[in-house]
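Using the sequences and the hints given, assemble the complete structure.
Protein sequence lines, in the order shown, are assigned to chains F and G.
Residues 24 to 268 (our numbering) make up the first sequence, in order.
Residues 24 to 268 (our numbering) make up the second sequence, in order.
One or more hints might be untrue.
Same chains, same names: a pair is fine if it fits in one copy or spans any two.
Derived pair list, reagent style DSSO-like, types lysine-lysine, alpha-carbon separation capped at 27 Å [what the hints assert, rightly or not]: (1) Lys267 / Lys220; (2) Lys178 / Lys194; (3) Lys178 / Lys257; (4) Lys211 / Lys257; (5) Lys214 / Lys243; (6) Lys257 / Lys172; (7) Lys194 / Lys219; (8) Lys257 / Lys157; (9) Lys149 / Lys194; (10) Lys136 / Lys194; (11) Lys267 / Lys172; (12) Lys257 / Lys149; (13) Lys157 / Lys178.
Worth flagging that the hints you see were computed from the coordinates, not collected in a lab.
Listed below, chain by chain, are the residues.
Number of protein chains: 2
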Amino acid sequence: MNKMNKYFLSENNVPFQDYFNFGLSVDCVVFGYVGEEIKVLLVQRDAEPFLGNWALPGDLVPLDEDLADSASNVLQNLTGLENIFMEQFYTFGAVDRHPAGRVATVGYYSLVKSDNYHPIASSWVKETEWFSIKDLPKLAFDHDQILEKAVSTLKSRVKYRPVGFELLPTKFTLLELQALYEALLDYKFDKPNFRKKILSMDLLVQLDEVQANVSHRPAKLFQFDEMRYIELRKEGFAFDITVKG
Amino acid sequence: MNKMNKYFLSENNVPFQDYFNFGLSVDCVVFGYVGEEIKVLLVQRDAEPFLGNWALPGDLVPLDEDLADSASNVLQNLTGLENIFMEQFYTFGAVDRHPAGRVATVGYYSLVKSDNYHPIASSWVKETEWFSIKDLPKLAFDHDQILEKAVSTLKSRVKYRPVGFELLPTKFTLLELQALYEALLDYKFDKPNFRKKILSMDLLVQLDEVQANVSHRPAKLFQFDEMRYIELRKEGFAFDITVKG
DNA sequence: ATTACTTATAGTATTTTTTACTTTAAGTTT
DNA sequence: AAACTTAAAGTAAAAAATACTATAAGTAAT
Chain F
24 MNKMNKYFLS ENNVPFQDYF NFGLSVDCVV FGYVGEEIKV LLVQRDAEPF
74 LGNWALPGDL VPLDEDLADS ASNVLQNLTG LENIFMEQFY TFGAVDRHPA
124 GRVATVGYYS LVKSDNYHPI ASSWVKETEW FSIKDLPKLA FDHDQILEKA
174 VSTLKSRVKY RPVGFELLPT KFTLLELQAL YEALLDYKFD KPNFRKKILS
224 MDLLVQLDEV QANVSHRPAK LFQFDEMRYI ELRKEGFAFD ITVKG
Chain G
24 MNKMNKYFLS ENNVPFQDYF NFGLSVDCVV FGYVGEEIKV LLVQRDAEPF
74 LGNWALPGDL VPLDEDLADS ASNVLQNLTG LENIFMEQFY TFGAVDRHPA
124 GRVATVGYYS LVKSDNYHPI ASSWVKETEW FSIKDLPKLA FDHDQILEKA
174 VSTLKSRVKY RPVGFELLPT KFTLLELQAL YEALLDYKFD KPNFRKKILS
224 MDLLVQLDEV QANVSHRPAK LFQFDEMRYI ELRKEGFAFD ITVKG
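As structure tokens, then:
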């Protein structure tokens, strides 16, 4: 690190190097949707500090790794999945948030389809488990706070971006979509009107397939059309499923 | 920092201390509104690197200072203002973004009322100046990218939160408010309809005062009612001035 | 097979909101 | 007092959201 000191000096008589003792970490909030409930993937720590406690999957960022790369690397190490929707939501930097030193952590969240997701416990993780966001254990570090922020971010973003589809299987029925949005927004929709609203957006492709193994009239299956969404956005379309207070 | 090493070891044979050589900085994007244009406050650097270049006001975070405190401290040092709306928007962590070492930076933005704002150049700043966001110089570091993200964040948040009022003087006319939103959203509103929409939200208090020194019928002055907004939010009210594509 | 039952899906009518536009009011300047 | 400028209120048409009804298409039991 001999490129330090070449440039500027601190104004407070603090030696320049003293500013370079931060640790930087990423914490990933992985959301899933199972059994009509929004779930989050937690890991049980097999290392100090907070040994045995549940925590968000996260780790320190190596000095030579980009932040965004680090987030997907951590997630991949823990889940084996690549190329999934992943977004930064907030950075936490309280002085005493980490017992091993001054560590600022950058929060990322991702939405995964439960039909092709299988978590794998990595080296310092004892176990992984999906928890309903309505029934969470006490978490290590300030992860309660981080998770809470992730949930509120998700709940507000989901109104203005079609991210909800990321949580469903590739093929889904309109009622499944409705149930997901009802879980996300904590609001009951009218079935025919929800159908109309979604279909009028012209974001779904109707498949030549229907539900299987149901003891009633099977519903048609749909698929989200990402390309169509990108096209519509260029034309000024704004996804919106805001609900009245 | 002898509380390090007490706990866990890296999994990649990287010594634990090597994770603790990050610098952390904050960069502030201060928005103002002058002459019907959205402006941003930039500072001219009087230190290496990028000596003489325009940059966002920002600085390294001391190891014993909370992140959020640091943001307002930097802003206060540069502007003399306290207690203004300030919000984190994104963290930038590319490996080579800073020539003096590995520095991740957390972006904050604030909206200031031009009628009571007077920037003061601090120690390592040669000059400060308001630039229209439509006519910006090339900035130091990756500050172009940070500023661009701040602008897009502002433009999207302004639709769903009544933050626009922060940019206006305490007392303003409805046409001034309209002009501000037109600048922010790049959209022309119909005057009577904009009035109706805003007034129907019940967020403004009409004062017993009118415009002074205008050569036409003076408009009534209004004031944003923060308390009323907090109350309405509890009842489920959602601020929204989305415009059609 | 026929009937009962369940859920999907289409349709309709009412209400509310948005939009586009017109009119009137209230001040200043000549 | 007349002309001018902008504020502010009003109105009618169009569009969207909402609440509700009816029909269709399947499964399961009789």
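If you test the structure against every hint from before, which numbers come out violated? 9, 12
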